[in-house]
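In the order they appear, the protein sequences are chains A and B.
Using the working numbering, the first residue of the first sequence is number 1, and each one after it goes up by one.
Using the working numbering, the first residue of the second sequence is number 1001, and each one after it goes up by one.
Simulated from the structure, these hints should not be mistaken for lab results.
All C-beta atoms, glycine included, are put in the ideal place defined by N, C-alpha and C.
There may be inaccurate statements among the hints.
Said to hold, decoys possible - Far from chain A, some chain B residues (derived; all Cβ distances over 12 Å):
1) Ser1006
2) Asn1039
3) Val1076
4) Glu1135
5) Gln1157
6) Glu1235
7) Pro1259
Said to hold, decoys possible - Now the stretches of chain A that chain B is said to cover, found in silico as 3 or more residues with beta-carbon under 8 Å:
8) 119-125
9) 157-163
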Amino acid sequence: MFNDSLHKPPLTPGRVFRLSLIMALVLVLVGVASLLMGTAEVSFQKFMAFASGSLDPDDPAKLIILRIRLPRIILAGLAGFSLALGGVVFQALLRNPLADPFILGVSSGSAFGAIMGILLGFTFSVGIPLISFAGALLAVYLVLALGTRRMGMESSTILLTGVILNAFFTAVIMFFISIVADSRLHTMLFWLYGDLSQSRYAPLVLLTPALIAASLILFSFAKELNLITTGEEIAFQLGVDVEKAKKTCLVLVSLLIGLVVSFSGLIGFVGLIVPHLARMAFGSDHRLLIPVASLGGATFLIAADTLARVLISPSELPVGVITAFLGAPFFLYLLRAKGSQWSRS
Amino acid sequence: MEPILSLRKAGFRYSVSWAVKGVDLDVLPGEMLGILGPNGSGKTTLLKLLDGMLLPQEGEVLVHRKSMVTLKRGDVAKVVAMVAQENFFRFAFSVLDVVLMGRFPHLGRLQFEGDKDLEIAVNALRATHSLELSERSIHELSGGEKQRVLLARALAQEPGVILLDEPTSFLDLKYKKEIFDLIASLTKEKGLSVVIVSHDIELVSQYCHRIVMLKNGSVHMTGTPDQVIDAASLESVYDCAVFVDKNPLTGKPRISLKP
Chain A
1 MFNDSLHKPP LTPGRVFRLS LIMALVLVLV GVASLLMGTA EVSFQKFMAF
51 ASGSLDPDDP AKLIILRIRL PRIILAGLAG FSLALGGVVF QALLRNPLAD
101 PFILGVSSGS AFGAIMGILL GFTFSVGIPL ISFAGALLAV YLVLALGTRR
151 MGMESSTILL TGVILNAFFT AVIMFFISIV ADSRLHTMLF WLYGDLSQSR
201 YAPLVLLTPA LIAASLILFS FAKELNLITT GEEIAFQLGV DVEKAKKTCL
251 VLVSLLIGLV VSFSGLIGFV GLIVPHLARM AFGSDHRLLI PVASLGGATF
301 LIAADTLARV LISPSELPVG VITAFLGAPF FLYLLRAKGS QWSRS
Chain B
1001 MEPILSLRKA GFRYSVSWAV KGVDLDVLPG EMLGILGPNG SGKTTLLKLL
1051 DGMLLPQEGE VLVHRKSMVT LKRGDVAKVV AMVAQENFFR FAFSVLDVVL
1101 MGRFPHLGRL QFEGDKDLEI AVNALRATHS LELSERSIHE LSGGEKQRVL
1151 LARALAQEPG VILLDEPTSF LDLKYKKEIF DLIASLTKEK GLSVVIVSHD
1201 IELVSQYCHR IVMLKNGSVH MTGTPDQVID AASLESVYDC AVFVDKNPLT
1251 GKPRISLKP
């Protein structure tokens, strides 16, 4: 053999499992740390007592952990997981490392759907998430139909189209919020910048299985995504049913983004930052990238939301403000540092 | 010999006028087939019909005597491999990763490449003299190295026929010869068929067993280089005055432009 690395395939199920497990452990650690942080103090001893079930049921720490912080952390984890996964899949399908559900206008399309749902009096448990999904699908359809007609998917036209769609959907949302004298809608302003503070367990029961199912199916398309990043014609020649793979992945990502936005509002740039860092650390193979970037996204958003809770405590920030503070400079850095290598149309 | 790929009265049009019309062609095992013709004569369209990328609106394409339209995409990819003219890798993959992608049609949905696939990829890298590149990023390679790696990926597909679209158009003299030598040795040693679309009449006439000359989407002439490459046919197809004699080293037709 020429050298040692050729004795074993570069990526094995064992390696994917081990690295995913490490990322999952980091996620749990960050989640526990987040449980302990916040305006009201919860000591580590109290947490250990809670975890072992020996905490006095009337202890306020129990209420804080169980009713306030835990559902919020779980929602942050699910949202970060989905947004990062959405970024990975969009970047692969569009062969554009700057694609992100927020930048492409898919998140604001979902928010537009959710607002329509609120105005039409849909329920928060099922109706609004579903119409939010429809809004995401509409945005994906528009950005592909308008952004790729002549220029091909790699071109920056698609990002510009997304930015414009984003502006348009946001304007429509603001229009409805302004003309409807409904006090509930005014609270939605906060939600527009990403808000996880209203999380309850009940909606998570719907969200969690949907996200797990969609993620598993997306993972099963990982090899197809690898090939699609090298060009659709080449993927087709190597035996990928490109149209089927694209349609399935776009619908599933729309589902993820639609559901998450209906619960957490507009949180930008998670799908940009996390996949990029994951690619730098673990390479471009989607069989590894999908699990590690998704788990990394969950960890990232839990950490960002913890910052949102504690930075100006006892008051708090919308988490979207934190991710935009980090994400916008990151986007500009990527554009400047790597723009020339991506500018091929 | 049973042909691997056949076109039967195949025609394709992108809009109104036919890019390829009424083409009959058999690709035989172990042959190196050159496709020549001026710009717009339908060379690339013909290659895409052979690959199944385009489906003919007239006639049919047969893969081992079975109609292309009845086959699953993955089954076509086990028989036909393609090295496209342009390859751009947006994200960084190692050379070994790229060659292992050639195993895609042979793997199940959730199956990872195993030891056998690795062995096939390593052999493909060895056959294309690029084993020492295996750990490099595809982004770091020169044009000639990248072309060899893409050829290795096509070999890892274990196809019956490899289609090459202008494989040497961006390469200098040394790498052009290297690629053609490599392709010739693959047909000789592995019994692979190779179909090459090229503008390089000289190289094609030196290396190919058989040449198809296209003109306006139809076959103008088919035969050995000696039969196809002569001044009259080249002038009529390319609309350019040429002088043809024999290469003193190989005895194959040699083309010179008339001043």
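Cβ contact check, 8 Å cutoff: the region 157-163 of chain A against chain B, three residues minimum: Violated: only 0 residues of the region 157-163 of chain A have a Cβ under 8 Å from chain B.
Cβ separation check - Asn1039/B to all of chain A, threshold 12 Å: Non-interface label on Asn1039/B holds, nearest chain A Cβ at 20 Å vs cutoff 12 Å.
Least C-beta distance between Gln1157/B and chain A, which was stated to exceed 12 Å: It is violated; Gln1157/B is separated from chain A by about 7 Å at its closest Cβ, not greater than 12 Å.
Whether Val1076/B stays farther than 12 Å from all C-beta atoms of chain A, as the label says: violated, 7 Å
Assertion that Pro1259/B lies farther than 12 Å from chain A (Cβ): It holds; Pro1259/B is separated from chain A by about 39 Å at its closest Cβ, greater than 12 Å.
Status of the stated non-contact between Glu1235/B and chain A (beta carbon gap over 12 Å): holds, 34 Å
Claimed clearance of chain A by Glu1135/B, with the beta carbon kept past 12 Å: Nearest chain A Cβ is 6 Å from Glu1135/B, so the label is violated.
Proximity test - 8 Å, beta-carbon atoms, the region 119-125 of chain A to chain B, at least three hits: With 0 residues closer than 8 Å to chain B, the region 119-125 of chain A misses the three-residue bar; violated.
Beyond 12 Å from every chain A Cβ - status for Ser1006/B: holds, 19 Å
Violation of the numbered hints given earlier is confined to hints 3, 4, 5, 8, 9; the remaining hints are satisfied by the structure.
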